[in-house]
Amino acid sequence: MHSDSADVQKSIRTYLMVGAALFVFTGITVAVNRLQLAIPAAITVALLIATFKGSMVASIFMHLSHEKKWIYGALILTAVFFVFLLFVPLFTTMDTIGHPNPSQTMVPGAEHAMEH
Amino acid sequence: MDNVASHGTTTGAHAAHAHEQHEHVELGFWRKYIFSQDHKVIGIQYAITGLLFLLFGFSLMMMMRWQLAYPGAPIPLIGNLFGADKAPGGIMLPEFYNMLGAMHGTIMVFLGVVPLAVGGFGNFVMPLQIGAPDMAFPKLNMASYWVYFCGGVTMLTSFFLPGGAAQSGWTSYPPLAVINQGGQTMWLIGMVFLITSSLLGSVNFIVTIVQLRAKGLSWMRLPFFVWAQFVTSFLLLLAFPPLEAAGILQLMDKVAGTSFFLPSGLVVANRVVTGLSGVSTDAARAGGGNPILWQHLFWFLAHPEVYVLILPAMGIVGEIIANNTRKPLWGYRALVYAVGFLGFMSFIVWAHHMFMTGMGTTMSAFFQTTTMIISVPSVVILTAFLLSLWGASMRFTTPMLFALAFLPMFGIGGLTGLPLGLAPSDIHLHDTYYVIGHFHYVVAPGTIFALFAGIYYWFPKATGKKMNDLLGQIHFWGSFICINVVFMPMFIQGLGGMNRRMYDGGALYQHNAALLKWNVVIGFGAWGLGLFQLPFIINFFSSIKWGKAVDRNPWEATTLEWSAPSPPGHGNFLSEPVVYRGPYEYSVPGAAKDFSPQFEPERA
Amino acid sequence: MQIPYTVEARPDTGLHNGKLGIWLFLASEVMLFGALFSAYIILRTGSVEWPHGELNIWLGMANTFILIGSSVTMVMAWASLKLKNWAKHRLYLFLTAALALVFLVNKYFEYSEHFSKGEGPWHNTFFGLYFTLTGLHGLHIIGGVIVMLYLLGPGAKMWEKNPDQFANRIEITGLYWHFVDLVWIFLFPVLYLL
Chain A
1 MHSDSADVQK SIRTYLMVGA ALFVFTGITV AVNRLQLAIP AAITVALLIA
51 TFKGSMVASI FMHLSHEKKW IYGALILTAV FFVFLLFVPL FTTMDTIGHP
101 NPSQTMVPGA EHAMEH
Chain B
1 MDNVASHGTT TGAHAAHAHE QHEHVELGFW RKYIFSQDHK VIGIQYAITG
51 LLFLLFGFSL MMMMRWQLAY PGAPIPLIGN LFGADKAPGG IMLPEFYNML
101 GAMHGTIMVF LGVVPLAVGG FGNFVMPLQI GAPDMAFPKL NMASYWVYFC
151 GGVTMLTSFF LPGGAAQSGW TSYPPLAVIN QGGQTMWLIG MVFLITSSLL
201 GSVNFIVTIV QLRAKGLSWM RLPFFVWAQF VTSFLLLLAF PPLEAAGILQ
251 LMDKVAGTSF FLPSGLVVAN RVVTGLSGVS TDAARAGGGN PILWQHLFWF
301 LAHPEVYVLI LPAMGIVGEI IANNTRKPLW GYRALVYAVG FLGFMSFIVW
351 AHHMFMTGMG TTMSAFFQTT TMIISVPSVV ILTAFLLSLW GASMRFTTPM
401 LFALAFLPMF GIGGLTGLPL GLAPSDIHLH DTYYVIGHFH YVVAPGTIFA
451 LFAGIYYWFP KATGKKMNDL LGQIHFWGSF ICINVVFMPM FIQGLGGMNR
501 RMYDGGALYQ HNAALLKWNV VIGFGAWGLG LFQLPFIINF FSSIKWGKAV
551 DRNPWEATTL EWSAPSPPGH GNFLSEPVVY RGPYEYSVPG AAKDFSPQFE
601 PERA
Chain C
1 MQIPYTVEAR PDTGLHNGKL GIWLFLASEV MLFGALFSAY IILRTGSVEW
51 PHGELNIWLG MANTFILIGS SVTMVMAWAS LKLKNWAKHR LYLFLTAALA
101 LVFLVNKYFE YSEHFSKGEG PWHNTFFGLY FTLTGLHGLH IIGGVIVMLY
151 LLGPGAKMWE KNPDQFANRI EITGLYWHFV DLVWIFLFPV LYLL
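As given, the protein sequences belong to chains A, B and C, one line each in that order.
Under the numbering used here, the first residue of the first sequence is numbered 1, with each subsequent residue one higher.
Under the numbering used here, the first residue of the second sequence is numbered 1, with each subsequent residue one higher.
Under the numbering used here, the first residue of the third sequence is numbered 1, with each subsequent residue one higher.
No lab work stands behind these hints, which were simulated from the structure alone.
Just so you know, even glycine gets a beta-carbon here, dropped at the ideal spot from N, CA and C.
Take the hints with a grain of salt, since some may be wrong.
[To be verified] Label-pair restraints from in silico Cβ distances: (1) C:Leu139 to A:Thr44: 26 to 34 Å; (2) B:Pro589 to A:Lys69: 33 to 41 Å; (3) B:Trp30 to A:Leu86: 23 to 31 Å; (4) C:Ile142 to B:Val153: 20 to 28 Å; (5) C:Leu149 to A:Ile28: 47 to 55 Å; (6) B:Tyr509 to C:Ile142: 26 to 34 Å; (7) C:Leu149 to B:Pro76: 26 to 34 Å; (8) C:Leu194 to B:Gly340: 50 to 58 Å.
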C-alpha cells in the first residue's frame, strides 16, 4: 500500500497536480454556467464535470484506485442502492394513474408528454 | 467476571502497547456495569432495556384493545391516571388512542425488537461465536447503547409533554404529521438518536465480523446466526440514512416552516396552510412540497427494517434447530446465499407499501415483480429449516418449542403477505386489519418467539444458570395459544373490509357490524397473552439467583460461544480460540459423541 | 486484552479495522446525502418554476476553492506524517482546520445575507433545500474540525506512544474530510448553478 516513504514522496506531486486540476475544473464549471445552456444540457455538463472532479478526489486523495476488495464491494453495493434511491421515486411521479393537473405538477413544456 | 483471560497472541502488537495490556486495572462500578465497553455487558444492557420497552409497548396495546372491545368504556384500574387531556373519566379520547397506536408501533419496532435482536443478541453472542475478544470498536459500542437510551428517553418523555406523544402512526405520514400539534417533533428527534445509534452499531458489527474472526473460521464455517447479523447490519447501514434525511426534512417542516412535504393549496379545517404561489407569506407557508416524497424515503428504510426484524430471528432459530435436532442444518450454502440475496432484494421492493398512492402500472409492475421475487429466498430459508427437522433426534427443550413454533407462524405471516404484494388484491386489503394480522404474525409469533427461544438458549451462557423448564412450558403454550387468538381473527376482519387505526373499533361503518365481535375475542387473547408473560418474567429474574447451575456447554452445542466460561470473563476465552470444522457437525458417523464442536481439535 | 488489527492490517482482507469502519460510515453518508438529492430531484421536477440567480455564485465558487484546498492540505498532512515530518504534518493539519473555518465563516455571511432579506428556509422550496443541504453539510464540516482540533491537541500525544495508530487516525480523518469535499463538489453546481 501507500505506507512506503518513497511511494508517498512520489504521490505528493500527484496530489498537488490533482489539486490544481480541481481548481481549474471548478473554474470551467462556473464558466460553462455563464453560457446559459438549455436545462438538460446544463445539467448533463455540470454533473459530468462534478463526477470527474469527484472521481479524482475519490481515486487519488482517498486512495480508492488501489483499495481492497472489501471496500470496493461495499461501495459498489452502495452505488446500486444510491442509483435506485435517486431515480426510482422520480419514475413513480412520472408514471401515474390518470391525469394529474398539468399546471401543478409538470416541468414547463412537458405537459404534452403525459397525454395518453 | 472473575475469570482472567490469558493474553491473546496478537501478532505485531506494538511493544509499549503490549506492556500496557498486561496491567489489570480493576474498573469501578460505573465503568464496569454502566458505562461498560464490554460487549457482553452492553448486550445485556440492550437486552434488558429492549425487553422493558417491549413490555411497555405491549401495555399500550392492551389499553388500545380495551377501547376496541368496549368503545367508550372507562379503562379499568388505571383509567384515571391519564388526566383529562387523554382519558377524561377514564374514557380514552381519540387523540390518546392515536398516540397509543403510533407509539406502540414505534416502541415495539425501534425500541424493543431491534435493540433486543441486534443490540442484545448480536452484541452478546456474535463476538463469542466468532472467537473475538470483543467488538472491533468497544467505545463506539458503548456510545451506541447510550445514544439508543437517549432516544428511548426522548420517546417516553413525549407522552408527558403538552400535546402528548406522536399520534400520526409509526409511519408519520405528512401532511397530518406536519400539521398535527403534539409530540411529532419529539418523535423525530428521538428517531434521529435511534438512527445514529443503529448506524454506529452496524459499522461495528460489520467490521467485527470481517476482521475479528478466529483462526480457522472461514466464511463458510460461520454459524448462520452470524451471517444473519452480518446481512442485517448492512441493511441498517444503508437503509436508515434516507429515513434520517426524511426525519430532518420533516423536522424542518415542523420547526423551520419549510414545506418539503406540504403540497400547495393545502386547507385544513378551513384554515389555509399553504398558498398557491410557492412563496411563503405571513398567512400561509410556501407549499410546493410532496407528501409522497416522505413515503418513498420512509419506506426505503422501513421495508429493509422488516427484514432487520426477521433476519436475527431466523439466525437464532437456525442455531436452536441444529442443536436440538442433533443434525446439521439442511442446506447451509443455500441458507447463506438466500440470506444475502434477501438482504439485497429488500432494498428494491419498498413501494409495495405505496400501491394505493396513484402509482402507474409500469412502476407498480416493477415493485410487484421484485416483491414476488423476494418471497423466494424467504421460502428457501423456511424450507431449509423444515427439512432440517426430517430424521431428527428431537429434543423438546424450551428454546426448541419456541423455535419450532416460529416455523408455521412465520409461514402464515409470509403467505398472508402475498396478496398484499400484488396490487390488485392489495386494493381491497390495504390499510385493513388484514395487514395488521400479516405483519404481526411475522413479528410477534415470528420474531418475538424466536427472541424468547434465544433468551432461554443463551441465558446459561450469560449467567451460568439454566431457566426453569416448567415455567418455560407454561410461558410457551399460553403464549402460543393466546397469540393466535389475537391475530388470526384479524384476517377475517381485514377481508371483511375493517380499516386500521379506527378508534371506535370500526363501529362507524355498517359493513363492519358483523366483525365487531372479534374485537372482544382479540381483547381477551391480548390480555391473556399479557398474563402468560408473568411466568417468563418470574423465571428470568429468579433463575439468575436460583436457577440450576450449569457448566460451559449445557446444550452440548458445537459453536464457539460454548467453549467460553459461563459467563465469559474479560477477553472471553481462556486461550486463543481456533476453529477446526464447520458449525453444525452433529451426529457425525463414527464419532463417539453426537456432537463435534468447532473448537475441539480432535473429533471425539 | 487487545483488539487485533487496530493498527496492522489483517492479512486476508488487507485492512485495519478503522479503515473498513470509516468506509462503511462513508457508504451510509452516501445514502444520507443521496436521499436529500433525491428529494431535490422530486421537488424540482414537480415544481412549476424554479428560482435562478438567488445565490452568490462567486462566494460559492470561493468556498469551493477553499474546500478543495483544504482537501489538498489534508492529504499533505497525512503524507508528511508518513514521511515522519512532524512539523509539516502539524502545519498542514492546522491549515486544513483553518480553511474549514474560513468556509464556515463564508457560509455564515451567506446565510445572514439571505436571512436579512427574509429568505429563510421557509421562503420557498428552493431555499428550504438550500439551507437543509448546506446546513447538514456544514454540520459535517464542524464535526471534521472538532476531530482535527482533537488530533492537533490532546490526541497528538498518541504520536509518541503509538505512531502507527496515530497515522491510521490521520488517514481515517482524511478519508472523512475528502468525502465532505466530494459532497460539496456536487452541492455547488446543483444549488448555485443549475
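Does the structure break any of the earlier hints, and which numbers would those be? Those not satisfied are hints 3, 5, 6, 7, 8.
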